[in-house]
Amino acid sequence: MSRRIMLTGLILLFATAAVHAGPELRRFDSDSYQAIVEAHRGEPFLLVFWSLECPPCYKELQMLGEAGAGEAFAAVFVSTDGPAEEARITETMQRFGLERAESWVFDGNPPQLRFSIDRTWYGELPKSYLFDASHQRKAITGLLERAAIDPLLEHGAPSE
Amino acid sequence: MRHASLLYTLAAVLLLPNTAFAAAGHSHGGEAAADACTGPETVASLNCALAPTGAFDEQGRLWLAWAFGGHVYVHRSDDRGETFTPPVPVNRIPERVAADGENRPKIAVGPEGTVYVSWVKRLAKPYTGDVRFARSTNGGRTFSEPLTVNDHRDMTSHRFESFAVNKRGEIFIAWLDKRDLVAAERDGEQYNGAALYYAVSRDGGESFGANRKIADHTCECCRTAMALDGDGLPVVVWRHIYGANIRDHGLVRFEDSKTPAEPVRLSHDQWQIDACPHHGPDISIDAGVWHTVWFNNAPQRHGLFYARSTDRGERFSTPLPVGNYEAAASHPAVLGIGERVWLAWKEFDGERTQLLVQRSYDGGANWSEPDVLATTAGRSDHPQLLGHQDEAFVSWQTAWEGFHLLPVGAPK
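Here the protein sequences line up with chains A and B, keeping their order.
In this text, residue positions in the first sequence follow the numbering used here: the first is 46, and each later residue adds one.
In this text, residue positions in the second sequence follow the numbering used here: the first is 365, and each later residue adds one.
Do not take every clue at face value.
[Claimed, not checked] Here are the computed lysine to aspartate or glutamate pairs in the EDC-like style, where the Cα-Cα straight-line distance is at most 16 Å:
1. B/K531 x B/E476
2. B/K489 x B/D443
3. A/K104 x B/D638
4. B/K489 x A/E98
5. A/K183 x A/D163
6. A/K183 x A/D195
Simulated from the structure, these hints should not be mistaken for laboratory data.
Whenever a hint applies, use it, and build me the whole structure from the sequences.
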C-alpha cells in the first residue's frame, strides 16, 4: 500500500518535473519587466523582444540559439505576439534551440507594456536590452550584432 | 457543411496575427467584448470588425470597409456613423484578409458612385500576399468577383497597397512588391528590401494594366499612402531604404497618367535600422499644398514630423515635430481641405491611449495646440482623417468602445 503511494508520488513528481522541463511560456504584464530585472540582479543578461511577424527576428533568434543563449549566458526572450500564438512561439523557440531559455509572451495592451519597459520604444523589432553586472541598460534597436553578446559570453552561464 | 464554414471562419480569425484586437488580453473585463468577437457564434458586425477604413461619397455618406472571418465587408452610414446599413461581403469565397493598422482594406467612391475596395489576401507563407480589388456598380448591394492586381504571382509579398480614383475615373494603385527580391535570390544575388510598383485601371476597375516599377529598395513593412494632385494624378509616399539601411521616406508624383516622375527624398532623419518599424507615412493634397506626415526613431531626430510643399514636391518645409515623443506619439494621419489642415495621431500616458488632433487654418504654416479628442484604456486601431466638402472627421476603432466617427472642428 505504502509502496503504491510512494510510486504514485514518484510518478507525480516526474510528471511535474516533465511539465517544468518543457518550455514554459510566461505571461508578460506591466509588472514583468521589473520582475525580470530583479530576478537577474547582479548578473549581466540580455533581454530580447521579438515577434513571429518580424523577419529579422528570426535571424537574431538563430544567432542567439547558436551562441547558446540561456545556457552559455543569461538571456530572456519576450514575444510581442500575444498568448493566442503560444504554440507557434514555443515551436519557434524550439526550432532555434532556445527551448531552455526563459521565455515570455506579451499579455495586455502593447503600448502599456512598452511603456513599462522603455518610453522611447515604438514597437520596432527586434529590440534588445543588454544589462551589465551593475544593470546599466543599453538598448539596441534592430538586428543584434554577434559582437554585442561577447561580454555576456565572457561572464558565462547564468546563475540558477 | 455549416460546421466546416464556421471552423474556417474561426481559423481565419485566429490565423490573423497582428490584427487590431485578435489577441485581446484576458485580464481586463472591458476586453471581454473583444474576446467575444473570436467565438464561433460571432456574426460579422462593426463591433467585431478588424481595421475599418472609411471614405465619404459625394453625397456625404460614409462608406466603411473592414475585415471579419475571411471576408471584406462594406456598409454605409447616411447619418455620420450613427447607424449603418447591413454589412455586405465583398469576396464570396473566404480568404485570409490582412487586417492590421498598416495593411488594411481600403475603400473609395468614384465619380459615378461606383464603390471600389482593395485589400491584401494573405498567402500560406509568412509576409506574403496578393493585392485584391473589387467594385460595386449598384450602390454597394453586390461586388464584382475580386481580381488580383499584381501580375507577378509567385508566393511572395505584394502588400501595403494604396489606391485613389480621379474624376476621370482612372484608378491608380501602388504597393510594395518583392518580385525583384525573388528574381535576385534565384540568381544568387542580394536585394535589399522590396520595390514600389503601380498599376492603372482605365475601365473603371474591371481590369488593371501591366505592373510597372517606380522604385527599388523600399522598406518592407510600412504602409504606403497616396493622394491625388490638382491634375488628378497620384502622389505616393512610402518608407524607403537609402544607402545600406537608412529608412527614410520617399515620394513620387506623376508627369501624366502613364509616367511617374523621378522619386524624391522626403525625410532626412537618417534612421539606420535593420528592423520592422511597421509605421508608415501619410499624405493629403488640396488647394495646391502637399501635406505629409511621418514617424522616425533615429537617435538624433525622432518622433512624428509634418512637412508641406507648395511647389509640387520640389521643396518641402522644415519638418515640424508633432506630438510628445516620450508619450509614444504614433501612427499619424493628415488631411487638408482648402486652407484648413488637420493632424491626428495617438499617444499613451501610461494608463490610456489618447487620440490627439492639431489644426492649422493657414494651409499648414501655423498650428494650434493639440487637443485630446478621445481616450481608451484598451487596444486601438490607427486613426484616420476623412473629409467631405468643408467637414473633417477622425475615424477610430477601439477594442472596448467600438467604432468612432468624431468631427474635428467646425469650418472657420
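Comparing the hints with the structure gives:
At most 16 Å may separate the alpha-carbon atoms for a hinted pair to count; B/K531 and B/E476 meet this at roughly 9 Å. Using a Cα cut-off of 16 Å, the hinted pair B/K489 and B/D443 is violated, with the two alpha carbons roughly 41 Å apart. Taking the CA atoms of A/K104 and B/D638, the gap is near 11 Å; set against the 16 Å cutoff, the hint holds. In summary, the hint linking B/K489 to A/E98 is supported, as the alpha carbons are separated by about 11 Å, within the 16 Å threshold.
Note on A/K183 and A/D163: the hinted pairing holds, with a Cα-Cα distance of about 11 Å set against a maximum of 16 Å. For the given pair, A/K183 sits about 14 Å from A/D195 by alpha-carbon distance, which is consistent with the 16 Å threshold.
Hint compliance for this structure: hint 2 alone is broken.
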